[in-house]
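Now for the letters of each chain:
Number of protein chains: 2
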Amino acid sequence: MVIDCHGHYTTAPKELQTFRDRQIAALKDRSLAPAGGTLEISDDQLRESVQPQLKFQQDRGTDVTIFSPRASAMAHHIGDAQTSLDWSRHCNDLIHRVCGLFPENFVGVCQLPQTPSDVLANCISELERCVNELGFIGCNLNPDPSGGRWTAPPLTDRSWYPFYEKLVELDVPAMVHVSASCNPNFHATGAHYINADTTAFMQFLTADLFKDFPTLRMIIPHGGGAVPYHWGRYRGLAQDMKRPPLPDLIRNNVFFDTCVYHQAGIDLLLKIVPADNILFGSEMVGAVRGIDPETGQYFDDTKRYVDAATLPEADKRKIFEGNTRKVYPRVSKKLVTRVRKRTVD
Amino acid sequence: MVIDCHGHYTTAPKELQTFRDRQIAALKDRSLAPAGGTLEISDDQLRESVQPQLKFQQDRGTDVTIFSPRASAMAHHIGDAQTSLDWSRHCNDLIHRVCGLFPENFVGVCQLPQTPSDVLANCISELERCVNELGFIGCNLNPDPSGGRWTAPPLTDRSWYPFYEKLVELDVPAMVHVSASCNPNFHATGAHYINADTTAFMQFLTADLFKDFPTLRMIIPHGGGAVPYHWGRYRGLAQDMKRPPLPDLIRNNVFFDTCVYHQAGIDLLLKIVPADNILFGSEMVGAVRGIDPETGQYFDDTKRYVDAATLPEADKRKIFEGNTRKVYPRVSKKLVTRVRKRTVD
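Protein chains in written order, with the working numbering: chain C, 1 to 345; chain H, 1 to 345.
In short, the hints are calculated from the structure, not lab data.
Computed from a prediction, not measured in an experiment: that's the story for all the values here.
For each residue, glycine too, the CB sits at the ideal point set by N, CA and C.
Check each hint, because a few of them may be wrong.
Said to hold, decoys possible - If the Cβ cut is set under 10 Å, some of the chain C residues that face chain H in the computed set are:
#	residue
1	GLY37
2	ILE41
3	ALA264
To be verified - Which bits of chain H does chain C cover? Going by a derived footprint, with three or more residues having C-beta under 8 Å, they are:
#	segment
4	15 to 23
5	159 to 170
6	203 to 213
7	217 to 226
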């Protein structure tokens with residue numbers, strides 16, 4: 001089985017964006033939208049909207065996608081806590097409906113109602129709702145709800161701890177994932193995403209977060225940002241700072257996905273980072289949508305790169321499935337349901 | 001000949017920091033320091049202070065270091081334009097003195113008196129002074145004078161253009177190099193530096209800066225941040241955005257150094273990025289000072305990695321010398337002087 005740990009609902013019906021546009025307009029004029037608001041999207045529209053993902057799964061030979069709302073649209077910097085709560089709930093509910101329509105293909109991960117002046121209570125309650133009521137198996141945690149201003153404390157700061165306590169209690173991981181950038185310095189998918197990955201890793205390297213939460217698990221997407229390429233720098237910095245060796249530091253807590261869009265990059269990742277700390281992911285349909293003229297294949301068809309890499313088959317199985325089952329333990333229950341459903345069918 | 005394009009004066013006599021401490025204290029109490037201030041550092045102290053660099057050059061088989069003030073100490077976010085001007089002049093003057101004492105070993109590159117509310121006129125005049133009067137061959141340009149708040153416009157914004165006009169006129173390049181981070185999210189050498197490299201590259205990718213300045217040359221240090229590792233992502237983004245292919249986009253204008261501290265990272269860099277766009281650099285004595293227990297060699301002895309890489313000898317010669325002569329054309333005059341001096345000796 002091949003589980004893709006990193007898929008966003010980037011193809012949602014346009015009604016979702018229409019709602020969002022109205023919600024943003026209402027920030028200036030409260031008469032424009034009712035509190036909360038509603039979405040009028042039919043099941044048929046949802047079915048239609050995820051055809052690209054389903055086709056890619058089939059064409060590329062992946063089975064299940066861990067599916068979350070569009071990351072760039074989370075935009076936690078817009079509006080206030082209520083804006084973010086309403087928006088997150090709608091986005092998460094849509095993911096839930098898609099997962100209900102295609103239980104064999106998608107398992108849900110939630111967006112959190114973060115805001116720059118963070119109200120973690122909302123994040124905790126939305127996480128609980130999504131995991132306990134909607135059957136989600138994880139969340140996307142934005143280390144920079146300010147959208148490129150980086151005004152929040154580091155992820156290792158104790159102000160985040162109440163949220164981590166809930167993650168540990170529910171036994172779900174967080175993917176560290178920023179959203180859109182309102183800072184003109186940072187292109188979202190080309191700079192802000194990758195910078196956030198690198199930044200989060202260095203925060204984890206320099207603090208004792210995982211001593212305080214030995215079972216907390218964080219996925220750093222996009223192949224860990226710059227980290228594997230600069231593994232020597234990070235090993236050296238850790239050594240200079242008397243921190244543990246990197247494999248010990250990340251062992252049970254920090255994982256990289258395989259969203260790296262060329263063979264040489266994947267080869268480096270698989271060579272350098274312990275296989276136990278890598279989860280297969282493609283980010284499809286996501287940041288890069290074109291076909292690589294050098295290969296004739298989609299840039300984000302990362303399964304091809306992993307398939308082609310020199311690596312023991314046992315390690316590939318871990319990366320495609322085993323590690324993801326460990327990091328997202330609730331996925332296995334979903335997959336059992338999936339097999340049962342198939343048997344019944 | 002091996003030219004190291006990336007060395008900082010991280011071993012300056014403690015009197016330099018004493019001056020800086022006084023200067024910062026005087027920001028709160030103007031009575032504490034005279035305008036400008038003075039440095040009492042003898043030539044013997046300077047000679048003594050660069051012994052580590054000289055020893056590394058000899059031990060590692062490099063000839064000349066393109067030498068600039070300590071990057072993390074530029075700290076453009078501290079004080080105002082005058083603070084930054086005084087501090088930059090002192091730092092640059094020290095580099096000039098070191099280069100005068102060891103003309104065979106060091107060639108100068110200057111720090112710029114940037115500030116968050118940028119006063120480019122000061123940068124232009126200090127660049128002119130350093131190039132025309134002190135014989136410097138380039139500068140370090142900080143894309144984020146706010147020190148981790150990223151409040152300046154992108155490097156492709158027209159507000160930077162007067163400075164670029166001066167770079168072009170003087171025919172000197174800029175290394176894009178941030179300084180200390182006052183944002184607790186960003187560890188300086190582990191996150192802020194690497195993020196800035198990635199950020200600058202994406203700014204260059206998305207704008208027409210080099211159409212406006214066809215002879216402007218920028219060096220992105222630390223192996224180009226995350227860029228080579230994510231080369232497929234950047235190729236794909238460029239394609240999706242109808243931008244030129246990356247080799248065309250960077251050809252005469254954007255260069256990466258080799259400050260990547262492990263063999264696999266260097267191998268990726270040399271495999272992926274055109275050899276014409278890579279300059280040898282080590283950042284020594286710099287970010288990582290330890291010995292890699294896996295190799296028994298210094299992490300930042302990047303010459304070993306390049307030596308060991310599979311690459312035509314002609315390409316290695318470009319990386320070690322030829323490209324640097326092209327990007328920093330004024331270095332050749334310095335090296336002629338060096339050879340002449342040797343002949344006279």
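Cross-check of the supplied hints:
{"no.": "1", "hint": "GLY37", "verdict": "violated (32 Å)"}
{"no.": "2", "hint": "ILE41", "verdict": "violated (27 Å)"}
{"no.": "3", "hint": "ALA264", "verdict": "holds (6 Å)"}
{"no.": "4", "hint": "15 to 23", "verdict": "violated (count 0)"}
{"no.": "5", "hint": "159 to 170", "verdict": "violated (count 0)"}
{"no.": "6", "hint": "203 to 213", "verdict": "holds (count 3)"}
{"no.": "7", "hint": "217 to 226", "verdict": "holds (count 4)"}
Hints 1, 2, 4, 5, counting from the list given before, are not met by this structure.
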